[in-house]
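Q: Note that the protein sequences, when read in sequence, are chains H and C. Our numbering puts the first sequence at residues 1 to 251. Our numbering puts the second sequence at residues 1001 to 1320.
FYI, nobody ran anything at the bench for these hints, they're computed from the structure. You may find that some hints are simply not true.
One-sided excerpt, in silico: chain C residues whose CB lies under 8 Å from chain H [stated by the list, open to error]:
| # | residue |
| --- | --- |
| 1 | Gly1206 |
| 2 | Val1217 |
| 3 | Arg1256 |
Between beta-carbon pairs, the in silico distance windows are [said to hold, decoys possible]:
| # | chain 1 | residue 1 | chain 2 | residue 2 | range |
| --- | --- | --- | --- | --- | --- |
| 4 | H | Gly37 | C | Leu1105 | 57 to 67 Å |
| 5 | C | Trp1313 | H | His83 | 40 to 50 Å |
| 6 | H | Asp227 | C | Gln1257 | 52 to 62 Å |
| 7 | C | Leu1121 | H | Asp195 | 43 to 53 Å |
| 8 | H | Gly234 | C | Thr1131 | 45 to 55 Å |
| 9 | H | Glu124 | C | Ser1005 | 56 to 66 Å |
| 10 | H | Ala181 | C | Ala1151 | 42 to 52 Å |
| 11 | H | Asp195 | C | Ser1005 | 47 to 57 Å |
| 12 | C | Gln1257 | H | Met168 | 48 to 58 Å |
| 13 | H | Asp111 | C | Thr1131 | 37 to 47 Å |
| 14 | C | Glu1102 | H | Thr131 | 24 to 34 Å |
| 15 | H | Gly37 | C | Thr1131 | 14 to 24 Å |
Glycine included, C-beta positions come from ideal geometry on N, C-alpha and C.
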Amino acid sequence: MIQIQNVGFKRADKTILEATQLSLEARQSIALIGPNGAGKSTLLSLMARLLPLQTGQILFDHLDISTTPSQVMAKKVGILEQHSHFMSRLTVQDLLLYARYPYHRGRPKSDDYDVVEKMLAYFELSKLRATFLDELSGGQRQMALVAMVFCQGTDYILLDEPLNNLDMYHARHLMTTLRRAIVDWNKTIVIVLHDINYASLYADHIVALKQGAILFQGAPSEVLTSDNVQALYGVEVDIIEHQGKRLSLHF
Amino acid sequence: MKPFSYGLLASVFLLILGAFSLFVGAYSISIMDIWRQPEVSNVMISSRIPRTLAVLIVGSILGIVGCLSQSAMNNVFAEPTTLGTPQGIALGLLLCSVLFPEIGLLGKMLLGAGMGLFSLLVFFALLQKLTLSDPLQLPLIGLVYSAILGAGVTFLAFEFDRMQMLTVWLNGDFATIIQGRYELLWGALIIGVMAYWMANQFSMLGMGEDLARTLGVPYRALVFIALAMIALATSLVVATVGMISFLGLVIPNIVRQYCGDNLKQSLPWCAWMGASSLLLCDVIGRLLTHPLEVPANLVFAVFAGTVFLVMLWRGDRRAL
Ligand SMILES: Nc1ncnc2c1ncn2[C@@H]1O[C@H](COP(=O)(O)OP(=O)(O)OP(=O)(O)O)[C@@H](O)[C@H]1O
Ligand SMILES: [Mg+2]
C-alpha cells in the first residue's frame, strides 16, 4: 500500500503540488492523468526520492521513504523518469545488469544474470541484448528502460509516460506486459498516461491531477465521465461504452 | 575473433613495441652487446628499461584516469587537462618546494595530489551549479578554470624562481627517466588496478545522479573516491615525468566506440591503448631528430590533436 500524507511541494514560492492525501492499494495499476504541468512528474519524483520532501510523509508498505535507508528503498521502489537522458554508452544487457545493483552492489552473481535473461525475454529484447543504447530507436530504447526498471525487482514501479515513442504494437504490448506483471509478480505500478483510453482499458484506478491538486480519483468506469474529463483537460469529449470499458472520443 | 584472441594480439603487439623501445636511443645497442659489454647492460638497466616501463605505466594510467574522469563528471570531454588538474597539482608541488623543501618526493607528491583533489572537487561543485546544455561546454569551462589556476601557479613560480620546474611538470618528457627516478609510478599502477577492481561501481556514475540514487548507489561517495584516485595518479605522473596532455581525452573516447561505458570492459583497453600509443610516440620522438629527442608530450599532442579534430569533424558528439 502506498500512503501519501499531506505532501506538498513549492519551488520559489510557487505551489506546484498542494498538500495531497492519497492512499493506494497494492497489486494494481494506478494511472496518473492530467494536463501538462499538473505536477504528475513532481509527485512521482517525490515518491522516488528524487526530490526532497518539503512537507508530509510518503510510505510504501509502512516504510517511510525519508527514514528508510536508501539501499532498502532501492529494492522497494523503482522509477522510470520522463526524461532519462543519461549519456552512458551501454549495451541493453549491461543496462539491465546495472539495474540489479541493489542486490549485487557491483559484483553480479548468477541469479542476477538469470533475472536479466528473464527480463530480456519478457520484454522481447533478446535480439537487441548486445546493442548499445545510443544505437537503438527511440521506442526500442524506451522498452529497454522499462525492462531495466523491472530488473530492479521492486514491488512498486513508477513509470512516467512510458508510452512515449512507442508505436501502436509496442504501446499495447507494454501495457499488456504491465498487466501481466501485476498478476505474475504482484507488482504495483503507478503510471503516468496522457491517453485516457489507455488509462481506461488498463488501469484499475485513476488519479487525476490538475494544477497540483487531485481533481478526482476512482475506478475508470466511475470517474471517466465527459464532465470530469472536460473539467480536467478543458476539452469536450464524448464518452462511449465499448465491451464494458469507457472510451473517449476527442477529435 | 574472440575477445581472448584480441587480448592476446594486443599483448604481443605491446611486447614487441616494448622490446623495440629498448634498442632505440642516442646510444645504439645490439642484442649481442648486452652480454658482451658490461657498460651496455648498464645502459639497459639504468636507463632504457626504466624509461620504457615509465612510458608504459604513464600511458596506461592516464588512459584509465581519463576514462574515470569521464564517468565521474558524466561528460565525455572530461580528463585531467580539461579539468585544470595538472595546474592544481603543480600549485601543490610548487607550494611544497617553497614551504617544505626538505619533504622528499613522496610528501611532495601527496601535497600535489591534495591540491589536485581540491581543484577537482571545486570543479565538480561548479558543474552541479551549472546545467550544461552541450557536453562541449565542459572543456570551455575547464579552459577558463585552468587558466585561472595556471596564472596563479605561474605568478608564484616567477616570484620564487621555479619556472624551470613548472615547465617540467606540465610537459611530460621521458628523457630524464633513469633508475631511481620513476619507481613512484608503480604506485600509479596500483591505483589503476584498484580502479579496475571497482569498475562496476564507477560505471554506475555514468548513469547520472538520479538513476544512481534510486538504485541505492552511494553516488557522492563514489565520485569522491574516483576524484581522489584521479588526483593521486595524476600527481604521481606530474611529479615524476610531467603531464601528457589529452591522452586521457582521446584514448578513452576511441575505446568507447567499441567497448561502450562498461568500465569493466573498457578500462583494460584504455590502459593498453594509452600505453601503446604513448610508447609509439616516445619512440618516434627518439627517432625523429636522432640523436636528439622530441619530448613525448609534443609528439603525443600532434597525434591527439589530429584524432580529436577528426572526431569533431565527424560531428558525432554523442558517440565521441
Ligand atoms: N526544475 C523545475 N524548475 C522550476 N519549475 C519546475 C521544474 N520542474 C517542473 N516545474 C514546474 O512544476 C510544474 C509541474 O511540473 P511537472 O513536471 O510535475 O508536470 P507534469 O504534470 O509532469 O507535466 P507533463 O505532462 O508536461 O510532463 C510545472 O508548472 C513546471 O513548470
Ligand atoms: Mg511530466
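Q: Are the hints correct? Go through all of them and say.
A: Verification of the supplied hints:
no. : hint                                : result
1   : Gly1206                             : holds, 4 Å
2   : Val1217                             : holds, 6 Å
3   : Arg1256                             : holds, 6 Å
4   : Gly37/H with Leu1105/C: 57 to 67 Å  : holds, 60 Å
5   : Trp1313/C with His83/H: 40 to 50 Å  : violated, 29 Å
6   : Asp227/H with Gln1257/C: 52 to 62 Å : holds, 57 Å
7   : Leu1121/C with Asp195/H: 43 to 53 Å : holds, 46 Å
8   : Gly234/H with Thr1131/C: 45 to 55 Å : violated, 32 Å
9   : Glu124/H with Ser1005/C: 56 to 66 Å : violated, 33 Å
10  : Ala181/H with Ala1151/C: 42 to 52 Å : violated, 59 Å
11  : Asp195/H with Ser1005/C: 47 to 57 Å : holds, 51 Å
12  : Gln1257/C with Met168/H: 48 to 58 Å : violated, 35 Å
13  : Asp111/H with Thr1131/C: 37 to 47 Å : holds, 38 Å
14  : Glu1102/C with Thr131/H: 24 to 34 Å : violated, 58 Å
15  : Gly37/H with Thr1131/C: 14 to 24 Å  : holds, 20 Å
The earlier numbered hints that this structure contradicts are 5, 8, 9, 10, 12 and 14.
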